[in-house]
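Residue numbers (the working numbering), protein chains in the order written: chain A, 1 to 247; chain B, 1 to 409; chain C, 1 to 404.
Hints should not be assumed to be uniformly reliable.
Unchecked claim - Where chain B lies over chain A, by a calculated footprint (3+ residues, C-beta under 8 Å):
#	stretch
1	50 to 60
2	87 to 96
3	150 to 161
None of these hints come from the bench; they were simulated from the model. Glycine included, each C-beta is placed from N, C-alpha and C at the ideal position.
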Amino acid sequence: MKKLILLSVVLSVNQLLFAQTAEEIIKKAEDAIKGKTSHAEIEMIIKTPDYTRDLEMESWWIGNEKALIVTKGPIKEKGNKTLKIGNEMWEYLKNTETTIKIPPSMMLQSWNGSDFTNDDLVRESNLTKDYDQKIIAEEKINGQDTWKVQLIPKPDAPVVWGKIYYWVIKKNYLPSVVQYFDERGNMVRYLVYSDIKNFHGRVIPSKWVMHNNKKEGHSTTIIVNDIEYNINIPDRIFSFQELERGN
Amino acid sequence: MKLLIKLAWRNIWRNKRRSILTLAAVIFAVFMAIGMRGIQLGTYALNIKTAVELFSGYMQVQSKGYNDTPKLSLCFKENKDLTSALKNTKGIQNYSSRIYADGLISFKDNSRGVAIFGIEPDKEKNVTTFVENVDKGRFFNSDSSNEIVVGSQLLENLNAKIGDEIVLLAQGYDGSLGNQKYKIVGTVRLGVQELESTVVFMGLKSAQYLLAMRNKVNVIAVKADDLNNLKEIENNLAEKISDKNLVVLPWNKVNPELQQAIQLDNVSGILFLGILIVIVAFGILNTVLMSVTERFREFGVILSIGMPQKKLTYLVYIETMFIAIIGLIFGNLMGYFVNYYLILHPIVFGGELKQLYELYHFLPELRSSLQVSIFIYVSLSIIGISILSCLYPAYKVYKLEPLKGIRQT
Amino acid sequence: MLLKLAWRNIWRNRRRSLIVLTSVIVGLVAIIISDGLSNGMIGQMLFNQINLNISHIQIHKKGFNNNKVVKNYIPNYKKVDQVLKNDPSIKAYSRRVFVTGILSSANNSSGVMIYGIDPNQEANVSIIKNSMIEGSYLTNNKRDIIIGKKLAEKLEVEVGDKVVAMANTLKGDIGSEVFRIVGIFRTASSEFDKTAIYIPDATEQSMLNIGNKYYEYAIITKDYDNVGQVQKKLETKLGNKYEVLSYKDLLPMLIYQIELYKETMWILNVIIGLALIFGIINSMLMSVFERIKEFGVLMSIGMKNSRIYSMIVTEAFIIGIVGTIAGLIIGLLLEIPLTHTGIDLSFFSTGLEAFGIGTVIYPILSVGNIILSSLFMPFVAIIGALYPAYKAIKLEPIYAIYYV
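Whenever a hint applies, use it, and build me the whole structure from the sequences.
Okay, here's the thing in structure tokens:
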């Protein structure tokens with residue numbers, strides 16, 4: 001009898017430890033990419049059966065709260081900027097020198113034609129708030145040991161996914177693969193992180209590829225060319241004046 | 001038999017008054033039915049024509065799947081093969097290309113979601129009529145200028161006026177966010193509130209530039225000669241187009257709700273025709289019945305001098321048929337002339353409806369039709385009715401006992 | 001005396017009388033049915049829209065109908081409630097929250113009209129509750145949503161699936177909420193099925209962060225004919241911060257179509273009218289002509305011309321009246337059950353079957369027309385008798401007797 005109680009106590013303590021760790025694991029993985037603040041130069045390659053687009057961008061992020069993304073190339077789109085504050089988003093378009101606020105009708109459209117939606121950018125990483133998380137397995141991906149974490153949306157969470165599987169590499173808490181499913185278990189899209197590099201002392205995957213299962217032949221690849229974390233970013237750049245400046 | 005026919009013919013002329021009354025019933029029946037059906041079919045055709053010529057065109061060429069899920073990416077090039085197919089299909093009068101995209105319009109602090117239509121105004125006006133529904137200002141006349149026309153309600157909602165410069169944004173074919181400045185030069189009225197607050201018309205080439213479409217289009221709207229042999233024209237065109245990713249859709253596939261409305265009208269029209277036919281059928285029945293029963297004395301005499309029952313019955317039948325045929329001929333002639341007259345001088349509605357015409361450019365009028373099927377169906381129905389109307393009286397004649405007949409009053 | 005004679009004559013010439021009677025009866029039945037049918041068509045055109053969503057009258061903040069944005073909510077909904085509750089000419093009303101937004105599933109997203117309603121109130125003004133084809137109607141569960149079949153197909157969802165709605169809030173940012181589909185509806189309008197969604201009003205209010213605000217009142221009046229009066233009354237009571245719109249204001253194109261239809265119907269009814277007048281006159285003509293012999297005898301035994309004439313006219317009148325009454329009874333017997341079951345037009349046309357709904361016509365009796373025609377009929381019968389009667393009395397009795 002005593003043994004039974006002891007066993008259940010040990011198991012439940014283990015559970016507790018285990019459950020905590022799921023949230024922590026995810027948080028660490030997300031933080032690894034996000035950081036407190038970041039300044040990056042990236043390349044986004046959008047592939048579809050009809051065309052391939054190559055965009056160069058520079059971005060500044062303060063956690064999940066604020067972001068400024070400036071398009072540097074190609075020439076047609078140079079000077080366009082995206083500003084996010086909280087869950088609101090604006091686009092500045094160089095050609096007509098106008099700033100528009102992204103309305104709900106455009107939120108679900110792809111951001112810049114990629115396989116990421118405007119909403120993805122805005123809603124990013126409210127994972128802790130919106131999902132119940134649980135480690136469900138330990139697997140090897142590309143020779144690396146990973147945790148497989150299952151994220152199930154909370155009943156009140158305004159997200160369309162049925163569930164998300166998130167693999168995190170044990171060694172360095174870096175995200176490896178993220179799969180998005182609808183409620184019937186169909187995988188709608190998946191994100192693969194690879195090419196781990198060291199940027200100014202910080203180790204992160206430098207290649208992020210989002211594969212679109214709904215549209216054959218569509219994928220978006222983000223390549224981080226350079227990134228600096230936790231530097232001081234002045235708040236004033238997240239403002240409309242900055243948007244409209246020549247910059 | 002020949003004798004019977006001679007007899008029948010002479011009988012008709014002997015009983016002039018009765019024959020004329022019966023004849024009148026038949027002529028009237030035929031003439032009224034032809035008139036009614038003519039107005040129905042003519043007006044339906046006119047309604048379809050008006051609706052189809054307003055915006056959708058008689059048929060459209062689209063990429064496969066576009067009709068169910070309109071997406072900018074479901075577009076195609078207007079290449080030589082397509083152009084020659086359109087030019088060489090008999091029955092196609094004109095065609096024009098269009099692009100359709102969802103976008104955003106921005107003016108000062110106001111922005112609204114819009115439906116952007118890229119059109120070729122000089123070609124479009126040979127295919128549809130909405131280009132003429134300009135409310136204020138004017139339509140743009142080139143397909144590559146930076147001038148646009150918006151729905152009248154949209155202009156109001158934006159707090160803008162004619163001549164103002166606005167920005168249009170839309171996600172292009174290549175995924176980039178196209179944005180350009182344009183000048184509003186006019187507004188349109190389309191009669192549907194939702195459209196008037198969201199529609200933007202611009203030149204096709206301007207739209208292609210805004211949306212990075214190169215020289216692709218989403219829809220080609222086609223004007224045909226005639227609504228009646230549309231299926232044939234559709235098939236001919238489809239055969240000539242070698243790109244198997246393109247489909248040719250008739251207006252009713254493009255606009256199924258319109259078809260439902262027309263069908264509903266058509267069916268209720270047939271019910272009305274049915275009511276008319278019942279009325280005139282009784283008219284014929286009554287006159288035939290009466291003209292036969294009034295002659296029982298006559299028949300009694302004929303029977304008593306030895307004519308067989310059967311022959312008498314045939315006689316009555318042949319008489320009725322003669323009258324029916326003469327009636328049909330005159331009725332058809334009269335019907336033809338009335339319908340012809342109505343086609344030349346359609347009944348135009350006035351009063352309240354005229355106001356709506358000013359606003360939306362719909363012409364409310366009743367038109368007739370000379371479709372051969374009308375004459376054939378009506379004539380067949382009336383012959384059928386005449387034959388049926390004869391049954392009861394003929395039966396009575398058959399059963400007639402000579403003496404009883406003579407005693408009739 | 002004349003009456004007795006006329007009555008007896010009718011029975012004596014049973015066959016002839018019956019024939020004329022039949023044409024009067026057929027005429028009246030035809031009028032009743034075609035009248036019912038054309039009213040039914042118009043009714044169907046109107047009521048499909050009125051009962052679905054538009055209702056008889058809508059109340060908004062002034063300017064809302066042209067510019068349906070989130071800031072144009074009703075200034076003081078309690079005042080509107082007060083005005084409507086105490087109005088005896090109002091049968092029912094529904095208070096709605098309304099914005100346009102986006103509904104998305106894992107697979108797709110689409111622009112929608114988001115109606116936040118009280119399910120019970122809404123069921124009193126629209127047929128949406130009876131249009132459910134899968135699942136069930138809204139309850140008051142916070143995350144219930146019902147959508148149209150066309151929309152469900154576009155989003156690739158079924159009853160039980162999750163969807164997310166998004167719209168601009170009052171502050172200007174984007175509010176979103178998650179919902180579970182409890183039911184799917186199908187109405188006569190596939191456009192409506194593609195864009196309308198219904199959720200509980202409280203949930204929409206919290207999604208838009210507007211507190212206790214409403215945008216639209218949809219009202220059904222007790223009497224469809226005096227909508228205009230009720231509209232004026234409400235306008236006066238509510239003042240110029242509000243717009244009170246009738247279905248005529250909200251559906252101008254439909255009203256135009258109906259006017260057009262009415263004109264067309266008028267012409268068709270004229271044709272039918274001519275046909276039946278002709279039928280009656282024709283049979284009456286024949287009947288009286290056949291009796292000229294009879295009149296000849298009467299004249300030769302001394303009956304005055306004027307009396308004969310009156311007798312004939314009286315007979316015609318009686319037949320007219322009897323025929324009218326019989327026609328009314330038969331016509332109504334045929335029509336009244338149809339007003340309940342309706343005539344399903346798709347029965348007559350394979351093309352219509354594909355649409356499934358919106359093809360049933362419920363004939364509607366217009367009392368005025370029927371009374372008018374009933375009064376008119378007997379006189380038509382008389383007209384038919386006039387000429388032959390005149391002919392009869394003009395003849396010398398001896399020639400009348402030999403008349404063929």
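Okay, the hints, checked on the actual structure:
1. Residues of the stretch 50 to 60 of chain A with a Cβ under 8 Å from some Cβ of chain B number 3, which satisfies the need for three, so the listed coverage holds.
2. With a cut-off of 8 Å between beta carbons, the stretch 87 to 96 of chain A has 4 residues touching chain B; three or more are needed, and the interface restraint holds.
3. For the stretch 150 to 161 of chain A, the stated coverage by chain B is violated: 0 residues have a C-beta nearer than 8 Å to a C-beta of that chain, whereas at least 3 were required.
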